[in-house]
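Please build the complete structure, drawing on both the sequences and the hints.
Residue numbers (the working numbering), protein chains in the order written: chain A, 1 to 608; chain B, 1 to 362; chain C, 1 to 462.
No lab work stands behind these hints: they were computed from the structure. Only true hints are included.
The calculated lysine-lysine pairs, modelled on PhoX-like cross-linking and capped at a C-alpha distance of 25 Å, are:
| hint | chain 1 | residue 1 | chain 2 | residue 2 |
| --- | --- | --- | --- | --- |
| 1 | A | Lys596 | B | Lys207 |
| 2 | A | Lys291 | A | Lys319 |
| 3 | A | Lys594 | B | Lys207 |
| 4 | A | Lys210 | A | Lys319 |
| 5 | B | Lys302 | C | Lys6 |
Chain A is faced by these chain C residues, among others (derived, beta-carbon under 8 Å):
| hint | residue |
| --- | --- |
| 6 | Gln28 |
| 7 | Thr159 |
| 8 | Lys160 |
Remember, it's a predicted structure, so these values are computed and weren't measured experimentally. Virtual Cβ for every residue (Gly too), placed ideally from N, Cα, C.
So you can see what is in the structure, the chains are spelled out below.
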Amino acid sequence: MACEARAARGSLLRIEPRNFEIYLYITISYILNYYIVTCNVYFSYICKYYFLKEIFMNIKELFTYHPKQYYNFELKSTGNSLQNYEPAPKQNVSSNIELNLKYIQSKYQTNINSDIMIRTFNLIAQNKTYKAFLVYIDGMVDSKLINDFVLEPLMLRSYSNTYTENINQLISENNNNISVKKITKFNLEDYIYDSLIPQNNLTKKTELNKLIENVNSGNCALFIDTLEIAFDIDIKGFKQRSVDTPQNENIINGPQEAFVENIRVNTSLLRRILNNENLIIESIQVGEISKTQVAVCYMHNIINPELVKEIKYRINNLKLDSLISSGQLAQLIEENEKIDIPTLLETERPDKCSKFLMQGRAVILVNGNPYAIIAPAVLIDFLASPEDTNLKTLFANFLKILRILAYFITLLAPGMFIAITGFHHELLPTELLFSILASREHVPFPIIFELILMEISFELIRESGIRVPAPIGATLGIVGALILGDAAVSAHIVSPILIIIVAITGLSSFAIPDFAFSFHLRIYRFLFTLLGFCAGFIGIGAGLLVYINMLCSMSSFGVSFVSPLTSSLSTHLNSFFVKPAWKYEKRPGFIQPKKKYAQPKISKKWRY
Amino acid sequence: MERKLGNFEVINSLIMMSIADIVLTSAGILIKEVNSASLLTSCLISILGIIITFIMCKLSKNFIGKDILNISEYLGGKFLKTIVGFGFVIYFILILALFLRQTSDAMQLIYYPLTHIIFIIALLSIATGIIASFGNNSIFKATSLIVPFLYTAIFLIFIGNTKNFNINNMFPIFGNGFNHSFIKGLTNIFTFSGLSYLFFFPSKLKKPEEITKIGLIFSILNGVYLIFCVADILFLFSDAMNHSQLPPLYISVRYIEFGTFFQRMDAAFIFLCVLGLISALNINLYFILEILKNITNLSDSKPLIFPCLLTSFGIALGLKQDSTLDFLENSLSKILFIVFTFVVPLIIFIGAIIKKKFKYTQ
Amino acid sequence: MKSVLKWFIIIMTIIIFLYAFSSSYYSQNIDHLDYVIALGIDKLPNSDNLSVTFEFANLGSFSENSSSEQTEPIINTIIAPTIPNALTIMNAYIGKQLNLSHCKVIAFSEDFAKTGILDEVSFLTHNIQIRPTTNVVVTDCNAVDYLKHSTSSLEQVLTKYYDIFPTSSEYTGYTSNIPLGRFYENLLDINSGAVTILGSLVENADSKNENPSSSNSQNSDVSVPSKSNNTSKSSDTNNNSNKENESTKMDNKNTITKTIQNNKQDYQSFDPKSAISEGDRGAENMGLAVFKDDKYVGSLSTIETLCYSLLKDEVDNFVLTITSPFDEAEKVDIKVGDLSQLKTDIDISKDTPVINIKFNLTAEVINVLDNQNTPYDKTLEKLNFALKEYLTEEFKSYLYKTSREYNSDINEFYKIAKRKFITNSDFSNYDWANKYETAEFNIEFNEDIISTLIIRHEGDRV
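Right, dumping it as C-alpha cells:
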C-alpha cells in the first residue's frame with residue numbers, strides 16, 4: 001500500500017523490506033509449485049505407489065500459496081434502536097384457549113426455547129371436560145407441587161368434581177333421605193378457584209403481561225377454555241443457596257445469618273427479627289427487561305415519610321433495561337456522581353439492617369443479590385461494626401477508636417512517611433533517622449518509587465488472593481510474603497522500614513468494616529502520597545482539607561454525610577461514640593424520625 | 001436553596017479567621033510594638049473587642065436576619081449597597097492576598113528554599129479554588145471540625161513551653177509608656193479580624209436572633225486565644241525573636257521538648273496551621289463570592305471563583321518587597337480593619353436605625 | 001472534548017507542580033543529606049580564620065552488623081573566615097548536603113569565646129535548621145579535641161550522650177541545660193549575662209588523652225589544654241591541707257582564693273579533670289562558662305554551678321558533703337531535695353541594688369552517724385546549722401563573684417528588678433548593667449533536715 005501511494009505521487013518508488021520479503025516468498029513458492037506440480041504429474045505416471053504421491057502432494061501443499069485463514073466478523077449496527085420505554089400494550093386473556101396458546105407460544109418462542117413447558121390437558125369440572133394448559137419454566141417450579149396439587153385435582157375424575165349444572169337438588173347419600181337443596185348456578189372460575197386447586201397462593205389474572213411476568217419469576221399459569229381469566233399459581237421450586245453465615249462481615253459476638261439471593265427469604269429474615277406489623281415491605285420492579293424485584297423496607301411508625309417518598313421516587317424513575325445487583329442500584333440512586341465515596345451502606349447481615357430500620361432508616365433489597373442497601377448512611381456508619389452494640393461500651397469504643405485510627409493510617413501513612421523523609425526529617429528522633437539512613441544505604445531507588453512499587457505489589461497480591469484457587473492459596477501467601485518481605489529487603493530493592501509502613505497500611509485497610517469505603521481509601525492514599533512527595537505536610541494538609549470538604553459537601557438522601565460530627569453543641573451527639581445499651585434514648589436526630597425517642601430515660605425499670 | 005448555618009459553625013469560622021491572623025502576624029506585631037506591656041494590652045484589647053462586638057450586635061438586632069449589605073440597601077438603595085459591597089470585596093481580596101503571601105513566604109523559608117514562590121502560592125490557591133467549588137457551605141462544616149484542634153493547640157503549646165517561661169518578661173508592666181502601650185496599642189484591635197465577617201452572617205443563620213450570643217462567644221474565645229498566644233511568646237522571648245522573619249508562635253513551638261522523642265514538633269504545628277490557613281482563605285473567598293453574588297444578582301457564584309483567585313494571586317505575587325509587606329501588615333490593614341469593621345458598619349447601622357425610627361414616627 | 005481538555009489541564013498542572021517542587025524535595029530528601037551531630041568552632045592563632053569542625057555519626061554503627069570501629073564518629077574540620085563559608089566548603093567537599101537539624105552540641109573554644117561570638121551565635125540561631133534547644137559548650141581546650149574525646153563505649157550511639165548529658169543537672173547541679181536560643185537572648189540583652197556549659201578534657205582518662213590530634217584535623221596546633229588563669233577550680237580532694245580562717249577576699253581581678261570558716265573543707269570544690277582518675281570518656285562537662293556582653297570572661301566551678309542551678313530552679317535534688325559539726329575529721333553526706341519556691345526580692349531604693357534571696361530546702365543525711373554525746377534533736381539542729389552555714393557561704397561567694405569579678409547578671413536578677421519599674425525607659429535610666437557590679441546580696445536558708453541515720457545507744461533520749 002505504501003509503495004502504491006508513493007508511486008501515485010510520482011516520487012521514487014521504494015519498496016518496503018517487509019513487502020519485498022512477502023513478494024519473494026510468493027514468487028519462490030509459485031516457481032516451486034510449478035516445478036513440483038510438473039514433476040508430480042510426471043512422477044504420478046512413473047510412480048504408482050500411493051504413498052509417494054501423498055508425500056509429493058503434501059510437499060506441494062507446503063509450498064503453495066494458502067489463502068488467509070482469519071475469521072472476519074464485524075458487529076454491525078442493526079439500524080433503528082429498539083429502545084422503547086413505552087409500556088407494552090395490555091393484552092387480556094381470551095376465552096378461546098387456542099388464541100391464548102398461540103400467544104404464549106409466540107411470546108416465549110417455544111419452538112426454540114427449551115425450558116418453557118406447556119402442558120395441555122383436559123380439565124374435568126362438574127362432569128364436563130374443558131381444554132386447558134399449564135405454562136411454566138422447567139427448573140423454576142416444584143414439579144411435585146404441580147403434579148400433586150394442580151394436575152391431579154384438575155385431571156382426575158373424583159367425587160369433588162362430578163357435580164353437573166343440571167342437578168338442582170342434592171340427595172344425601174348417608175341415610176337415603178331425600179332433602180332438597182337449592183344449588184346455585186355453576187361458575188367454573190369460582191369453582192376451580194374455591195374448590196379444585198388446593199394451593200395457598202392462587203390469584204386470578206386477566207392481563208397476559210402480568211401472567212408472563214409471574215411465570216418468569218417461577219409461577220405457573222393455568223389457562224382454561226371459555227374463561228377470560230387465567231390462574232396464577234405460586235409453586236416456585238427453584239434451587240437456591242440456603243441461609244448461611246456472612247462471608248465478608250464476620251463478627252465474634254452476634255448472629256451468624258446472612259442474606260441470600262432470594263428476596264422473599266431475605267424479607268423473611270427481617271420479619272423474624274422485627275416481629276411488627278409496622279414493618280412495611282414495598283415491592284417495586286426495576287428494569288424493563290429483567291423486571292428485577294426490589295423491596296423497600298421501613299418501619300412505618302418511625303421513619304420520616306419524606307425519606308420513603310424520596311427513595312421510592314428515585315427507584316421508580318429509573319429507566320434501564322436490567323438491574324442485576326444492589327451495587328448497581330446504589331450507584332443509580334446515590335446523589336453524588338462525581339465523588340467516588342460511597343454514601344449508601346451495603347450489608348449482608350439482617351441484624352445490622354434491623355438495627356438501622358429501628359433507627360428510622362430504610363433498607364432496600366434487590367432480588368438476586370445478597371446485599372441490602374441502607375439509606376441514608378453517614379460517615380460514622382462506615383466505621384461502625386455490627387458487633388458494637390453487643391459488646392460492653394468500653395470495648396466497643398476502644399475498637400471504634402482503633403478503626404478511626406486505622407482510617408487515618410490507611411489514608412495518610414504512606415504520604416506522611418514520604419513527607420517526613422522528604423521535608424520534615426527533624427520530626428524523627430535522631431537514632432531512628434540514622435537507622436533509616438543506614439538501612440537505605442544500598443537501596444538504589446528513591447523512596448517514592450519504592451513506596452509505589454510496594455503498594456502496587458501489595459494491591460496485586462490482594463487482588464490475586466480473591467481469585468486464587470484454594471489449593472494454591474497458602475502458597476501464594478508464602479510467595480507474597482517472601483517476595484514482599486525478605487527477598488526484597490535482602491536484594492536491597494526496598495528498605496525494611498518501608499515494608500513496615502506498607503504492611504501497617506494494608507492491615508489498617510482491612511480493619512475498616514465496609515469494603516467499598518476501604519476501597520476509596522486505597523485509591524486516595526496514592527493521591528496523598530503524591531502530595532506528600534510534592535510538598536510535604538503542606539501538600540498533605542491541603543489535600544486533607546480538600547478531602548474533608550469533599551466529605552462535608554456530600555449528602556445521602558438529604559442527610560449531610562458528616563452529620564453527627566458537625567452538629568452544633570446543642571444537638572445530641574448520639575451517633576459518634578457507642579453508648580451503653582440503657583442510654584439509647586434518642587434516635588439519631590439527623591435522620592429526623594417520626595418517633596424521636598427509642599426508650600425512656602430509665603429503661604432499667606428493675607433497678608430504679 | 002443554600003443550607004442555613006448553625007451557631008457552632010459560625011463561631012468556629014469567625015475564630016478561624018482570627019486565629020489565622022493572630023498566628024501569622026498580629027501577635028508578633030503587637031509584641032513588637034508594645035513589648036512587655038503586651039499581655040496587659042492584649043487583655044485590654046480583648047475587653048474592648050467584647051464591648052465593641054456587643055454594641056455592634058445590639059445595633060444589628062434591629063434588623064434581624066439581614067446582613068450589612070441588605071441594611072445598606074435599605075439605607076441608601078442599590079447605590080450604597082454596591083459601594084459598600086465593592087469596598088468589602090476589595091478589603092477581603094487584599095486580606096486574601098496578604099494571607100497567601102505571608103503563608104507562602106513562611107513556607108518557602110522553612111521548607112521550599114529552591115521552589116519559586118509562585119508555585120507555593122499557586123498550590124494554596126488551587127486548593128482554595130477546589131474547596132470553593134464544592135459549595136453547599138461545606139467549608140463551614142470542615143472548619144468546625146478543624147478549629148477545636150487548632151484552638152486546643154495553643155493551650156498545649158503554652159503548657160509545653162512552661163518550663164522555659166520567665167514570668168518577669170512581662171515587666172515593666174507599662175512597657176514603653178502608658179500612651180504607647182495602651183492608647184497606641186489599642187489599635188491592635190485588628191487581632192479581632194473575625195469581626196469583619198460577623199456582619200455578613202445574619203442572613204445565613206438558622207437562628208438570626210442569636211447573633212449577639214454568637215458575637216459574644218466569638219469575642220471571648222478570641223480574647224482568650226490572643227492572651228494565651230501573647231503570653232506564650234512574651235514569657236518565652238524577651239526581645240530576640242522580634243527580628244526574625246518567621247511567625248513567633250512557630251519559633252516558640254520549636255522550643256518544646258519532652259525527652260528525646262517529642263522534639264521539634266513544629267512540623268506537626270505547621271500541618272495544623274496549613275489546615276487552618278487554607279480554611280481561612282476559603283472563608284474569605286466565600287464572602288467575596290457571596291458579596292459579589294448579592295451585588296450582581298447572580299444565581300450561582302461558581303464562575304467567579306477563578307477570577308477572584310486570579311486577582312488575589314496576582315496581588316500576592318506583587319507583594320515582593322519586605323517594605324511593602326510591612327506597610328500592608330502594620331499600617332494599611334489596621335486602618336482598613338478599623339474602617340470596615342467599625343466605621344462603615346457603625347454609620348450604616350446608625351443611619352438605618354434613624355431611618356427606621358423616622359419612618360415609624362411618620 | 002471538554003472533559004478531555006479538563007483532564008489534560010489537570011494532568012499538566014500535576015506534572016508542573018511535581019517538577020516545581022521536586023527541586024526542594026531532592027535537596028531535602030534524607031538520601032541526599034549528611035547530618036551533623038556536633039559543631040566545633042575554634043579560632044586559628046594569629047589569623048582571622050575560623051576552624052570549624054563537623055562531627056558526623058557513623059551510619060555503620062546503626063546497621064545490624066556493626067563493629068566497634070564503626071561506632072567512632074567522623075570528624076572533618078574546615079578553615080574558613082566565617083561559619084557560612086565553612087558550610088559552603090563542607091557542602092562541596094562531602095558531596096551530599098549538610099543538614100544541621102540534628103546538631104546537638106555547638107562547642108566554642110575558650111580562646112575564640114574571649115574575642116566575642118555574637119555574630120556566629122546569631123547566624124546559628126537564625127539558621128532555620130538548627131534547633132533552638134541545641135546545647136552550647138565552651139571548651140577550655142580546642143573544640144575539635146573536645147568533640148573527639150566525647151565518645152565512650154558506654155553508648156554505641158554518640159547522639160544519645162549529647163541529648164542526655166545536660167539532664168544530669170537535675171540531680172547533680174554540676175552542669176546546666178543551656179539551649180542556644182536562651183544563650184542568644186542573654187547575649188543580646190545588655191543587662192543580662194550569659195552562661196554556657198563548660199567542657200574540658202579529662203587529664204587521666206584512657207589512651208584517648210594521649211593522642212589528642214587526628215589525621216582528619218587540619219589544625220596545626222593541637223595541644224593538651226593547660227589550666228587557664230582563672231583558677232576557680234581549686235585543689236583536689238586528696239589534699240587535706242588546712243585552710244586559713246579568713247573570709248572571702250579578692251587577690252586580684254582574676255583569682256579568688258576561697259576559704260572556708262572554721263577550718264572546714266569545701267568538698268564540692270574539686271577539679272573534675274583530676275577527680276576523674278580513670279575514665280572511658282575523654283571529655284567532661286562540669287561547670288559553666290560566663291559571658292559578659294558577648295565575650296567569655298570566666299568560669300564557674302562545680303559548687304558555683306550548683307548555686308546557679310539552684311537559683312534557676314533547675315536542680316531537683318543533689319548531694320552535698322560537708323564537714324561533720326561533731327568531728328572535724330569526719331564528713332557528712334546530705335541529700336538535699338524537696339526545694340520549695342525560691343523567693344527573691346530586690347531593693348532599689350538605695351544607690352546600689354540589694355538582692356535578698358530566700359531558700360527553703362528539705363534534706364536528709366544519708367550516711368550513718370555514731371554520736372554518743374548529743375541528743376537526737378540537738379543533732380539535727382547542729383547539722384541544720386552546719387549546712388546552712390556552708391550553703392550561705394558558698395552562695396555569697398558565688399554571687400559576689402558574678403557581681404564583682406564578672407559583672408555579669410547571669411542569674412537574671414534584672415528581670416526581677418524590672419518589676420519595680422513602670423516603664424522600660426525608667427529601667428534604662430537606672431542603668432542596671434553598671435549597678436550590678438556593686439550589688440549587695442543577702443542570703444537566707446531555711447533548711448529542714450528531716451532525718452538522719454544515727455546509731456542509738458542504750459539510754460539515749462529520743
